[in-house]
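J.: Chain by chain, the residues run as shown.
Number of protein chains: 2
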Amino acid sequence: MASEFDLIDRYFKRPAPAGMLGVGDDCALFGVPPGMRVATSTDLLIEGRHFFPDVDPRALGHKALAVNVSDLAAMGARPIGCLLGLALPTVEPAWLAAFSEGFHALAEASACPLIGGDTTGSTLGIAISVTVFGAVAPDQALRRDGARPGDQVWVSGALGAADIAYRLLSGQMPADAGLLAATRGALEWPQPRDALGQALAGVANAAIDISDGLLQDLGHVLKASGVGAELRFADLPAAPALRGVDPARLRHALLGGGDVYELCFTAAPERADAVRAAAARAGVAVTAIGRITAAAGLAVLGPDGRPETDLPRGFDHFSTP
Amino acid sequence: MASEFDLIDRYFKRPAPAGMLGVGDDCALFGVPPGMRVATSTDLLIEGRHFFPDVDPRALGHKALAVNVSDLAAMGARPIGCLLGLALPTVEPAWLAAFSEGFHALAEASACPLIGGDTTGSTLGIAISVTVFGAVAPDQALRRDGARPGDQVWVSGALGAADIAYRLLSGQMPADAGLLAATRGALEWPQPRDALGQALAGVANAAIDISDGLLQDLGHVLKASGVGAELRFADLPAAPALRGVDPARLRHALLGGGDVYELCFTAAPERADAVRAAAARAGVAVTAIGRITAAAGLAVLGPDGRPETDLPRGFDHFSTP
Chain C
1 MASEFDLIDR YFKRPAPAGM LGVGDDCALF GVPPGMRVAT STDLLIEGRH
51 FFPDVDPRAL GHKALAVNVS DLAAMGARPI GCLLGLALPT VEPAWLAAFS
101 EGFHALAEAS ACPLIGGDTT GSTLGIAISV TVFGAVAPDQ ALRRDGARPG
151 DQVWVSGALG AADIAYRLLS GQMPADAGLL AATRGALEWP QPRDALGQAL
201 AGVANAAIDI SDGLLQDLGH VLKASGVGAE LRFADLPAAP ALRGVDPARL
251 RHALLGGGDV YELCFTAAPE RADAVRAAAA RAGVAVTAIG RITAAAGLAV
301 LGPDGRPETD LPRGFDHFST P
Chain S
1 MASEFDLIDR YFKRPAPAGM LGVGDDCALF GVPPGMRVAT STDLLIEGRH
51 FFPDVDPRAL GHKALAVNVS DLAAMGARPI GCLLGLALPT VEPAWLAAFS
101 EGFHALAEAS ACPLIGGDTT GSTLGIAISV TVFGAVAPDQ ALRRDGARPG
151 DQVWVSGALG AADIAYRLLS GQMPADAGLL AATRGALEWP QPRDALGQAL
201 AGVANAAIDI SDGLLQDLGH VLKASGVGAE LRFADLPAAP ALRGVDPARL
251 RHALLGGGDV YELCFTAAPE RADAVRAAAA RAGVAVTAIG RITAAAGLAV
301 LGPDGRPETD LPRGFDHFST P
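First to last, the protein sequences are chains C and S. Residue numbering for the first sequence is 1 to 321, as defined by the UniProt record's numbering. Residue numbering for the second sequence is 1 to 321, as defined by the UniProt record's numbering.
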């Protein structure tokens, strides 16, 4: 059986970018431009909790990095590099080859090279930890506490597809091959909005990426900023594939569905053109879905302009699903 | 049941150090002094693989951070902060309180505050990922590829106790309460040599921390530096508690025993006084145990000055134990 070190070399070691020390020492080394801050985030993905055991390993490698690059995007930070921790019950070269291929492809696409990590056996299932680093000017970072009353609330891309795919795959919705085919990519191959996040630095006032559901994640921004918000349900950008999905199911997917990895952000109304220009530069659609209020609370306005009741809770990793 | 966010707040959130953004946003933010590099390392600890399920959670919190601070030490870097990923099958406040206490106590002692992380449920057992950041001047970093022929090889502290404790606890050695009491601290409460590592920056030529066994870890330095080494077995600093242990068992523990977290480093012979001064400043014993050779290979010289045979292999996480 190949040793841990051979495995690291074969699948994960790449030449370190100029000025960095990469895989193979006690630490990786990197620099940041003068005056910039290092932005960093980490996620831990557990088999059976965050992914199905039979998931395509190429998609898993992609997603493990994507959810972290998404955190850099939500901060407005430019990626520098990443670390990968990988605990595996068995060593399967084909699995490792596919996983590393998916990982490295996104690392290249988002200029976030793998510069270090840790591989180990596991008596449990597969566990994956990814840590990312980026650079951001301290006065341009898109913090959660920057939302101001009067700000418009925006989301990028479309909502709901990942949630529907999850419910189809987990048997919570009856099998529907066509709907699964149309939504599975959103769940397994989320596209982090790194270009948009960087373009919004200095334009938006606050941002978060939607991992646990729109209402729950926007709720964190509201709490941190000491404000409230009103969303217009009719303006939420549903994924086109969801046409035909039962309205109650759709409503839950849009408001409470997790694993979205779109950005939810707020900006002053007079920056609306700058927001649209940033989105155009990044090649991502953005939609204004409501406004920030001085009064606390998060309301979703129905077609009659009145707040809806029975809002879904977001996904909480510690709650019973 | 308390939500994930309440838990984070209750046990892990601390006021962020000045100039940093800590727990509670998409990313943590920190700066580094001009001209310094960020040193970073990550480790993934899996229940049943890296710790026993019934380990004292306070010790586990300590060790999860200690093994990472040890990597900063082996690079000569000054700690800046850390991230914690924690996957738990169940939420037990007493466990979390003890774990976080052990973690924070070492974070304070080594000036490596917790600035972000991720908590999640787990369908498997407990998984812990820790990522650390430090600052080091690029020309003073203790890299693995800096060993030069003629360098002295040094180790800090004493060797072997953690390996013996592991074998007692796992039943590979017959029960011996006295020996366990004398060695268990080395396994469960390793003391990272951060003060020594920083004091050796600019003094030593190369360093590594001993996690997988002296021979295996020194082997990485030799391979990266393109050199060999000769160690004198009689000079290896055995932990005093190991007096009386069977000689073959002791030999294996000294040369191949993992989980040591002492530093193994090389320095030019004319820097021997500077090495001793650095060790005195850090309050850590250091011992010269051999020398770097131009010829490849790692020899352990016995009492007669001839190379010993049958050297133990180091611990490899992917090999059968």
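Everything labelled a hint here was simulated from the structure, so no lab data went into it. All values reported here derive from a predicted model rather than from experimental measurement. Be a bit skeptical, because a hint or two may be false.
To give a feel for the contact side, a few chain S residues facing chain C, derived at Cβ under 8 Å [stated by the list, open to error]:
1) 25
2) 43
3) 96
Far from chain S, by Cβ distances over 10 Å, these chain C residues were calculated [as the list claims (entries may be wrong)]:
4) 48
5) 95
6) 108
7) 116
8) 176
9) 207
10) 232
11) 308
Glycine included, each C-beta is placed from N, C-alpha and C at the ideal position.
J.: Each hint: holds or not?
T.: The hints, checked one at a time:
1. The interface hint given for residue 25 of chain S holds, since its Cβ lies 5 Å from the closest Cβ of chain C, which is under the 8 Å cut-off.
2. Given the 8 Å rule on beta carbons, the hint for residue 43 of chain S holds: about 5 Å separates it from the nearest Cβ of chain C.
3. Interface hint status for residue 96 of chain S: violated, as the beta-carbon distance to the closest one in chain C is roughly 11 Å, over 8 Å.
4. Not every CB of chain S is more than 10 Å from the CB of residue 48 of chain C (nearest about 4 Å), against its label as outside the interface.
5. Against chain S, the non-interface label of residue 95 of chain C holds: every CB pair exceeds 10 Å, the least being about 14 Å.
6. No Cβ of chain S approaches the Cβ of residue 108 of chain C within 10 Å, the least distance being about 20 Å, so the stated non-interface status holds.
7. At the 10 Å boundary, the C-beta of residue 116 of chain C falls inside the reach of chain S, the nearest C-beta of that chain being 6 Å off.
8. No beta-carbon of chain S comes within 10 Å of the beta-carbon of residue 176 of chain C; the shortest separation is about 26 Å.
9. A beta-carbon of chain S comes within 10 Å of the beta-carbon of residue 207 of chain C; the shortest separation is about 7 Å.
10. Residue placement check: residue 232 of chain C keeps its beta carbon more than 10 Å from all beta carbons of chain S (closest about 25 Å).
11. For residue 308 of chain C, the condition that its CB be more than 10 Å from all CB atoms of chain S holds, with the nearest at approximately 23 Å.
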